[in-house]
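Enquirer: Whenever a hint applies, use it, and build me the whole structure from the sequences.
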Amino acid sequence: MDFFQHQERARRKTGLLVLYFVVAVVAVIASVTAAMLLILHFSGAGVSLQAPWAHPFTAWIALGTFVVIVGGCLVKTWQLRKGGPALAEMMGAKPIDATTTDNSEQRLLNVVEEMSIAAGIPAPRIYVLEQEPAINAFAAGFRPSEAIVAVTRGTLDKLSRDELQAIVGHEFSHILNADIRINLRMVAVLAGILAVGKVGEYLLHSQRHQSRSSRRNNKGNLVIVGLALMVIGYVGLFFGRLIKAAISRQRELLADASAVQFTRNPDGLAGALIQVRNNGGSYLANAHAEDMSHMCFVLPVKMHLQRWLSTHPPVDERLTALGEGWVARARARARQSGDPSPNPPSAPQAANVDGSLGFAPGANPARVSSQVGTVKDADIDWAQTTLAQLPEEIRQSLRQPQGARRALLALILASNRNDTAHQLRQAGLADEQPALETLAEALRPLGATLRLPVIDLALPALKNEPRAAREQLLAELESLAKADNTFSLFEWALLGLARQQLGERAGRNRHTRFHRYGAVAAELQLLFSLLVWASGATQDTGTALFSRYTQGLLPAGRTLLPLTHCSSDKLFQAVDRLTDLSPLLKGPIIDSAVDLAMDDGELKSQEREMLRALSSLLECPLPPCFGDH
27 MDFFQHQERA RRKTGLLVLY FVVAVVAVIA SVTAAMLLIL HFSGAGVSLQ APWAHPFTAW
87 IALGTFVVIV GGCLVKTWQL RKGGPALAEM MGAKPIDATT TDNSEQRLLN VVEEMSIAAG
147 IPAPRIYVLE QEPAINAFAA GFRPSEAIVA VTRGTLDKLS RDELQAIVGH EFSHILNADI
207 RINLRMVAVL AGILAVGKVG EYLLHSQRHQ SRSSRRNNKG NLVIVGLALM VIGYVGLFFG
267 RLIKAAISRQ RELLADASAV QFTRNPDGLA GALIQVRNNG GSYLANAHAE DMSHMCFVLP
327 VKMHLQRWLS THPPVDERLT ALGEGWVARA RARARQSGDP SPNPPSAPQA ANVDGSLGFA
387 PGANPARVSS QVGTVKDADI DWAQTTLAQL PEEIRQSLRQ PQGARRALLA LILASNRNDT
447 AHQLRQAGLA DEQPALETLA EALRPLGATL RLPVIDLALP ALKNEPRAAR EQLLAELESL
507 AKADNTFSLF EWALLGLARQ QLGERAGRNR HTRFHRYGAV AAELQLLFSL LVWASGATQD
567 TGTALFSRYT QGLLPAGRTL LPLTHCSSDK LFQAVDRLTD LSPLLKGPII DSAVDLAMDD
627 GELKSQEREM LRALSSLLEC PLPPCFGDH
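Each residue of the sequence shown is one higher than the last, beginning at 27 in the numbering used here.
Any given hint could turn out to be false.
When the alpha-carbon atoms are kept at most 20 angstroms apart in a straight line, the in silico EDC-like pairs for lysine to aspartate or glutamate are as follows [as the list claims (entries may be wrong)]:
| id | residue 1 | residue 2 |
| --- | --- | --- |
| 1 | Lys328 | Glu343 |
| 2 | Lys120 | Glu131 |
| 3 | Lys184 | Glu227 |
| 4 | Lys508 | Glu458 |
| 5 | Lys184 | Glu131 |
| 6 | Lys108 | Glu491 |
| 7 | Lys328 | Glu316 |
| 8 | Lys596 | Glu530 |
| 9 | Lys596 | Asp606 |
| 10 | Lys108 | Asp445 |
| 11 | Lys489 | Glu115 |
| 12 | Lys596 | Glu504 |
| 13 | Lys108 | Glu645 |
| 14 | Lys508 | Glu497 |
| 15 | Lys120 | Asp183 |
| 16 | Lys489 | Glu467 |
| 17 | Lys508 | Asp445 |
Quick list of the computed label-pair ranges, beta carbon to beta carbon [claimed, not checked]:
| id | residue 1 | residue 2 | range |
| --- | --- | --- | --- |
| 18 | Gly473 | Thr512 | 18 to 24 angstroms |
| 19 | Thr538 | Ala311 | 52 to 58 angstroms |
| 20 | Val249 | His541 | 50 to 56 angstroms |
| 21 | Thr125 | Ser186 | 46 to 52 angstroms |
| 22 | Gln422 | Val257 | 36 to 42 angstroms |
| 23 | Gln577 | Asn129 | 51 to 57 angstroms |
| 24 | Gln105 | Glu530 | 17 to 23 angstroms |
If you are wondering where the hints come from, they were derived from the structure by calculation, not from laboratory data. Note that CB positions come from ideal geometry on N, CA and C, so glycine has one too.
Expert: What follows is the structure in structure tokens.
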């Protein structure tokens, strides 16, 4: 299963979750209505059991229950509207300061940056649950470009670098698989179902604080109503948790397999799981731990009926999936440390870490799209080399808003040999000329190969800036790019990535809107026209290239557009609409774009950079070494 199939599966599971939610809502409404009518009947309210549906109370009870459920869901959705950061704040997690002197936090920053460069996605914002000594972690967000990763203090303090890297790889798998989006939706759905039970709790609680005479006057009706609502609400929640567990378990095994692929080291993941099994534990003290149990690296709460309600396979089962000998090693380590074995052996579930459960190279490795969302040995090596090439001063500055801002501006200056002083004056940045020119000179020798990693490292530092500051930066970038009366593909890519992550739509959930190429034919025509002209083709050769590489994507009659029709603003709008294509339709677009770029038999560094930027904007990240064999 490749990236696009994973994405499509996640989209369909979202639809399945909606269906389950509808069924649960109908069942809860029916149960509440029946219970209330029974209470009214036996309390002498004149409700007949022969035709209860005909009583006007029936409609009002059903409507009220519906409002409570949907209201609970909407309230939680509103609370989580900012995606991952909102959930991190709900859990009490604190963002890691980029200037931290804590060695364990610095190590985590390095691991996340390394993994993000290898995966071709922006570095997620990193949070720490300082008050949690257990070993656990989670990723959250609506989109890969807006994801966060949070770890407990115990994860930082108790694990080696290899073990920490494995957990980060596990969470990156959830980010790339689109698990993080459905995870947030499950939190909202279960909150809606639980709302009925919370109303029952409130009624019971209110009765405790009433006087005895008041309680006698109510004849116990409110107590009965409260108990009925609690029972129905929590029974509904029970079945909701069954749904959550069924959706989550297999994805955890998939994420384990991907983590091994990412890190090339099964010992790291196995070591982390053994630490949880034998020593560290994974249970969180946070009041919201159960709500987001399906998002964590390991189960964060102790559950009754764990066999049915657990969102994670048993640790021994996960160790067995990594190799037959790991459970035995875990038991041996437990005996050596004098600790009893906390988990009984369980029946292993067959799973391999050779790529069959993760993002292995697809069934057709000739297609570049099969490498989207993958991380190979070469990508990890490239990421490590890249970070080593970045001067430490620049790397540290990229973690600070001001340093990140200047780096993005300096990249535009470094990408050309024009009169930088004139560009800065035109963009209203003359006051910063010395600092920006010095930084541009430091970045220029790094070449085109390292420009995207610098962008991916810089943008996360700017996401928490006030909206006005982000809008100002976007305006500065556009002014500087256009100050020399040209607008290169790199400048377009930089501004596009900045808009994606810092613009007014950043952090918002996006939905699939288009399920056929015909709905975005104009956008595809514009995109491939620009790619043809960027290849240096003449009119005659360009027409042939366009026809060859848009076959199957465009209907008859769509021809190569003149370069004058391919403005940067139109291209921004086109790519934005293409982002909302069905996942399975994006792969052929990426393949055709790569084939077009390689029509001359080679893939230049600038072309590789452009293709990776385009893929990122389509939310289909290509690793840095894509196409290499």
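Enquirer: Does each hint fit the structure? Answer for all of them.
Expert: Evaluation of the provided hints:
1. Lys328 with Glu343: Status holds; Cα separation ~17 angstroms.
2. Lys120 with Glu131: With Cα atoms ~12 angstroms apart, Lys120 and Glu131 stay inside 20 angstroms; holds.
3. Lys184 with Glu227: Distance of about 40 angstroms is beyond 20 angstroms: violated.
4. Lys508 with Glu458: holds, 18 angstroms
5. Lys184 with Glu131: Roughly 12 angstroms between the alpha carbons, so the hint for Lys184 and Glu131 holds.
6. Lys108 with Glu491: holds, 14 angstroms
7. Lys328 with Glu316: Cα-Cα ~9 angstroms, so holds.
8. Lys596 with Glu530: This hinted pair holds, its Cα atoms lying about 18 angstroms apart.
9. Lys596 with Asp606: holds, 16 angstroms
10. Lys108 with Asp445: Violated, at roughly 41 angstroms.
11. Lys489 with Glu115: Roughly 15 angstroms separates the two Cα atoms, so the pair holds.
12. Lys596 with Glu504: Holds, at about 15 angstroms.
13. Lys108 with Glu645: holds, 18 angstroms
14. Lys508 with Glu497: Since the Cα atoms of Lys508 and Glu497 sit roughly 17 angstroms apart, the hinted pair holds (cutoff 20 angstroms).
15. Lys120 with Asp183: Cα-Cα ~16 angstroms, so holds.
16. Lys489 with Glu467: With a Cα-Cα distance of about 26 angstroms, the restraint between Lys489 and Glu467 is violated, given a limit of 20 angstroms.
17. Lys508 with Asp445: OK: Lys508 and Asp445 at ~13 angstroms, within 20 angstroms.
18. Gly473 with Thr512: 18 to 24 angstroms: Holds, at about 20 angstroms.
19. Thr538 with Ala311: 52 to 58 angstroms: violated, 38 angstroms
20. Val249 with His541: 50 to 56 angstroms: holds, 52 angstroms
21. Thr125 with Ser186: 46 to 52 angstroms: Given about 25 angstroms between the Cβ atoms, the range is violated.
22. Gln422 with Val257: 36 to 42 angstroms: Violated, since Gln422 and Val257 (Cβ atoms, about 57 angstroms apart) do not stay within the stated range.
23. Gln577 with Asn129: 51 to 57 angstroms: holds, 55 angstroms
24. Gln105 with Glu530: 17 to 23 angstroms: holds, 21 angstroms
Checked against the numbered hints above, the structure breaks hints 3, 10, 16, 19, 21, 22 and satisfies the rest.
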